[in-house]
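**Q** Take the sequence shown: its letter number 32 is residue 32 in my numbering, and every next letter is one higher.
Since the hints were made in silico from the structure, they are not lab data.
Being a predicted model, the structure only gives us computed values, none of them experimental.
Beta carbons: idealized from backbone N, C-alpha and C, even for Gly.
Please note: incorrect hints may appear among the correct ones.
Derived pair list, reagent style EDC-like, types lysine to aspartate or glutamate, alpha-carbon separation capped at 20 Å [said to hold, decoys possible]: (1) K78 / E65; (2) K35 / E16; (3) K44 / E96; (4) K35 / D62; (5) K3 / E15; (6) K35 / E15; (7) K44 / E16; (8) K59 / E96; (9) K35 / D21; (10) K76 / D62; (11) K59 / D21; (12) K3 / D21; (13) K44 / D21.
Simulated restraints on C-beta separations [claimed, not checked]: (14) I70 / D21: 43 to 51 Å; (15) S6 / V61: 35 to 43 Å; (16) E16 / A87: 41 to 49 Å; (17) V61 / A4: 39 to 47 Å; (18) P69 / T25: 49 to 57 Å; (19) L93 / I63: 20 to 28 Å; (20) S34 / I70: 41 to 49 Å; (21) T37 / D62: 41 to 49 Å.
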Amino acid sequence: MRKARSLEQWRSIIEEQQASDLTITDYCQQNALSKTTFYAARSKLNASSGSFVRANVMKHVDILEPQQPIILSISKVKVSLPPTTSAFYLSQLLRELA
């Protein structure tokens, strides 16, 4: 007998499949789901949610490379600024040097 599921139930099923290491085919076989119905529900959920895609941060990565200084060369003068120099300060400096 066919079981009717709400969109919220399908959302939960789809999230469970995505969290598993199983393909959609394998997941549907193991959970006695119709692959066609799975894809139809996923498509309906995607259409109803607009273009928003839920993303999960899997791994935080720190940038280990040191940032390079900002170097301005004007005529024979070189000005070296730290990479954390604010855009506002930099724009004022460039305006004054122009």
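**Q** State for each hint whether it applies.
**A** Here is how each hint holds up against the structure:
Between K78 and E65 the alpha-carbon distance is near 24 Å, which puts this suggested pair outside the 20 Å criterion. For the hint pairing K35 with E16, the CA-to-CA distance comes to about 15 Å; that is within 20 Å, so the pair holds. At most 20 Å may separate the alpha-carbon atoms for a hinted pair to count; K44 and E96 exceed this at roughly 58 Å. Taking the CA atoms of K35 and D62, the gap is about 40 Å. The hint is violated against a cut of 20 Å.
Note on K3 and E15: the hinted pairing holds, with a Cα-Cα distance of about 19 Å set against a maximum of 20 Å. Between K35 and E15 the CA atoms are separated by roughly 15 Å; this keeps the pair inside 20 Å, and the hint holds. Proximity of K44 to E16 is assessed by CA-CA distance (about 17 Å); at most 20 Å being required, the pair is judged to hold. The straight-line distance between the Cα atoms of K59 and E96 is roughly 44 Å, outside the 20 Å bound, and the hint therefore fails.
Between K35 and D21, the direct Cα distance comes to roughly 17 Å. Compliance with the 20 Å bound is thereby established for this hinted pair. Taking the CA atoms of K76 and D62, the gap is about 37 Å. The hint is violated against a cut of 20 Å. Taken as a hint, the K59 and D21 pair is honoured in the structure, with Cα atoms around 17 Å apart against an allowance of 20 Å. About 25 Å separates the Cα atoms of K3 and D21, which puts this hinted pair outside 20 Å; it is violated.
Of the pairs offered as hints, the one joining K44 and D21 is violated, with about 23 Å between alpha carbons and a cut-off of 20 Å exceeded. Between I70 and D21 the CB atoms are about 46 Å apart, so this pair conforms to the stated range of 43 to 51 Å. Checked against the hint of 35 to 43 Å, the C-beta distance between S6 and V61 comes to roughly 38 Å, which is consistent with it. Between E16 and A87, the C-beta spacing of about 45 Å keeps the proposed range 41 to 49 Å intact.
Roughly 43 Å separates the CB atoms of V61 and A4, a value that falls within the hinted 39 to 47 Å. For P69 and T25, the Cβ-Cβ distance of about 54 Å falls inside the hinted range of 49 to 57 Å, so the restraint holds. Checked against the hint of 20 to 28 Å, the C-beta distance between L93 and I63 comes to roughly 26 Å, which is consistent with it. The hint said 41 to 49 Å for the Cβ distance between S34 and I70, and at roughly 59 Å that hint is violated.
Judged by the Cβ atoms, the range 41 to 49 Å given for T37 and D62 holds: they are separated by roughly 43 Å.
Hints 1, 3, 4, 8, 10, 12, 13, 20 from the list above are not met by this structure, while the remaining hints are.
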